[in-house]
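Colleague: Protein chains in written order, with our numbering: chain H, 1235 to 1631; chain C, 1235 to 1631.
Honestly, the hints are just simulated from the structure, not real lab data.
Treat each hint with caution, since some may be false.
Each pair may be met inside one copy or between any two copies, as identical chains are not told apart.
[As the list claims (entries may be wrong)] In silico DSSO-like pairs for lysine-lysine, Cα to Cα no more than 30 Å straight-line:
| id | residue 1 | residue 2 |
| --- | --- | --- |
| 1 | K1628 | K1453 |
| 2 | K1534 | K1264 |
| 3 | K1353 | K1403 |
| 4 | K1353 | K1534 |
| 5 | K1495 | K1567 |
| 6 | K1534 | K1399 |
| 7 | K1323 | K1628 |
| 8 | K1349 | K1403 |
| 9 | K1353 | K1399 |
| 10 | K1349 | K1399 |
| 11 | K1349 | K1628 |
| 12 | K1349 | K1453 |
| 13 | K1264 | K1323 |
| 14 | K1628 | K1248 |
| 15 | K1534 | K1349 |
| 16 | K1353 | K1495 |
| 17 | K1567 | K1349 |
| 18 | K1567 | K1628 |
| 19 | K1248 | K1349 |
| 20 | K1353 | K1249 |
| 21 | K1534 | K1403 |
| 22 | K1399 | K1435 |
| 23 | K1534 | K1435 |
There are 2 protein chains.
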Amino acid sequence: MNDAPLLTYPEGRKKLQATYHDGLLVDTMKFWFPRSIDTEHGGFLHCFDRDGSLVDTDKSVWVQGRMSWMLLTLYNTVDQRAEWLAWAKSGIDFLNRHAFDTDGRMFFHVTREGKPIRKRRYAYSEAFAAIANAAYAKAAGDSAAAERARALFDLFTDWNFTPGKMPPKFTDARPMIGLAPRMITLVTAQELRANLGADAKLDRWIDRCIEEIQRLFVKPDLRVVMEVVAPDGGIVDHFDGRTLNPGHAIEGAWFILHEGKWRADAQLIRLGCDMLDWMWERGWDAECGGIYYFRDVFGKPVQEYWHDMKFWWPHNEAIIATLLAYELTGDLKYARWHQQVHDWAHRHFGDAECGEWYGYLHRDGRVSVPLKGNLWKSCFHHPRMQWYCADLLKSAK
Amino acid sequence: MNDAPLLTYPEGRKKLQATYHDGLLVDTMKFWFPRSIDTEHGGFLHCFDRDGSLVDTDKSVWVQGRMSWMLLTLYNTVDQRAEWLAWAKSGIDFLNRHAFDTDGRMFFHVTREGKPIRKRRYAYSEAFAAIANAAYAKAAGDSAAAERARALFDLFTDWNFTPGKMPPKFTDARPMIGLAPRMITLVTAQELRANLGADAKLDRWIDRCIEEIQRLFVKPDLRVVMEVVAPDGGIVDHFDGRTLNPGHAIEGAWFILHEGKWRADAQLIRLGCDMLDWMWERGWDAECGGIYYFRDVFGKPVQEYWHDMKFWWPHNEAIIATLLAYELTGDLKYARWHQQVHDWAHRHFGDAECGEWYGYLHRDGRVSVPLKGNLWKSCFHHPRMQWYCADLLKSAK
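Throw the hints in and build the complete structure from the sequences for me.
Modeller: Pasting the structure below:
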């Protein structure tokens, strides 16, 4: 038996590639499709119990965009299966028919038929619809979808970065800005570039978001990536301001590593590795394994009482980040971390009997909620990881 | 050793009474006071770590009202200590100076100095300020406080029961109404009656809330108390509509038992006992002990991933409800349940070293967050339970 991390030797890399590739096409996609296709109203049903039985007919607008994007990304990069394109079109058509309010903004939560249930202050529905439309434009050569993608990106950035546009959750007594809008702008711009082609405006947004993340949220003296800060980057020493989301910052780290790879920019790769290193140190649970959901920057108690749960998505993001960091640097540490998080996640989130991953574990890895899908979890983070990692390792075939 | 529940024999009842009385005055009050008094800005600091060290200087408006009410209730019913009255006055003065927006509604979260941070759609700040002012009116003979209490009660009921007043969280595609506004109206009216005297308007609100709870939320065929329903009482078969909060319904049960006792109304006592019976069956964790936070009415998975945690407040409410049900009915079942929840809660939430109770446990009773106070947990549910139970048992002295 070879104890070296799989990433460090050819047979191991082939084995890993097969795990991701087959996991994606045989396990994950077969859980979601065709089960999720709503042949009556269009779009995707996604609130599934462990065994795939439907527990809620409602539809998340995020999910319609994300699942369309996932199908289209596989169509564009893995295999041009007509059914993937048709299913994705059904998701995009549902969005076009039902997800827009009269002000041009999108809803968050709709009924199966498409009646609006809830609209949020923030505009992530628009960002996920933008990447779906961009991927559809490429898949179908549809210039109207390309225009919609660009318009939704403009709406998202305008909503997030024009002061006064987004209705505030808090008064202006203690202003804070978040890592999330910058991360989502970055990855959305990267996706539009991948599917619609290079564009100076997208590059400017990518540059701006990385610059703001580095200048305002990354704190080398504290070896931390903050989740929210004061507008000048100061740490807001209250519960909300101190709360870290290590898996989220690690997701941001790989968005920056991806950009460093794209641009062959050693400084960006260094930034992404620092973010990964520091948030791995803060997020990895040395006692039980896995990545804590929340931590406090100063080690104080977190107000969120479920802070130590293990969610599926941060583990998917950490698998990508550690793999990408190893591929870019050859640093053995990353191969070890990759093995560690890959093994823990597959052992605890995996469900050999019914397929896909559980979403929500207790700290020690026991399942808390058996749902495979809900308003947040769908066919997105897990297959995106499998797709991205299989693609990175495909030379290992 | 006597294995019978303590409630069922005189020595046991004396012992229980001492546990509640001494726990309140020696343990709980000594944890909070004078530590929480903000001698600089007035009102109460309340975000304390396990050992009482301050981890956030922010103030919850709920907490200012609730802690003032608790101090005044002890002043009015246990011991006229001048410091209790002075501290409560500081809380009420802080509310009057800082907690009101220009539209007459109250904020939810303010800085230590009283600058507003957040206002919510709902109006529970107003209800807790109402009971604080009513208790102050009685303690200090202050008619202005009595008027404020009445005005805040009117504002709260108007906000909750006048269609269109409260800004909606959801669209009107699937209207739902909640148990919570009816429970809080009921208990707030009971408190105003206790401190300001009987009043036909308060009685009408009490009647209306109990009638609506029984007609719309209590489902004898399913043996359940729903947390939200359609306006006609129908079950909304989606995640939110199916989610039960057993500890909350058990709190509602004792508000109704309290009314049944006040009015010597056997039908109300029967209603409260049914609510307690059904939600005990649904909420008690037969494997690990304690009361689950959320359950699904049809046994489906709950969307809230932390559904199986054990919170301090439902256990306090269940201790009151089971004790009150036993006192009113003599049914041995309630004495057993009381012993069961009293023992489990004291064993797992108690902190013999630092005092007070932890707030948030994992399902198996291990502490998740060691905080003794935050924006929601303060000197309220636990001492209210100790006070109410000690008072119920005081003839056992």
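Colleague: Hint compliance check: list the failing hint numbers for this structure, sorted ascending.
Modeller: The structure breaks hints 1, 6, 11, 16, 17, 19, 20 and 23; every other hint is satisfied.
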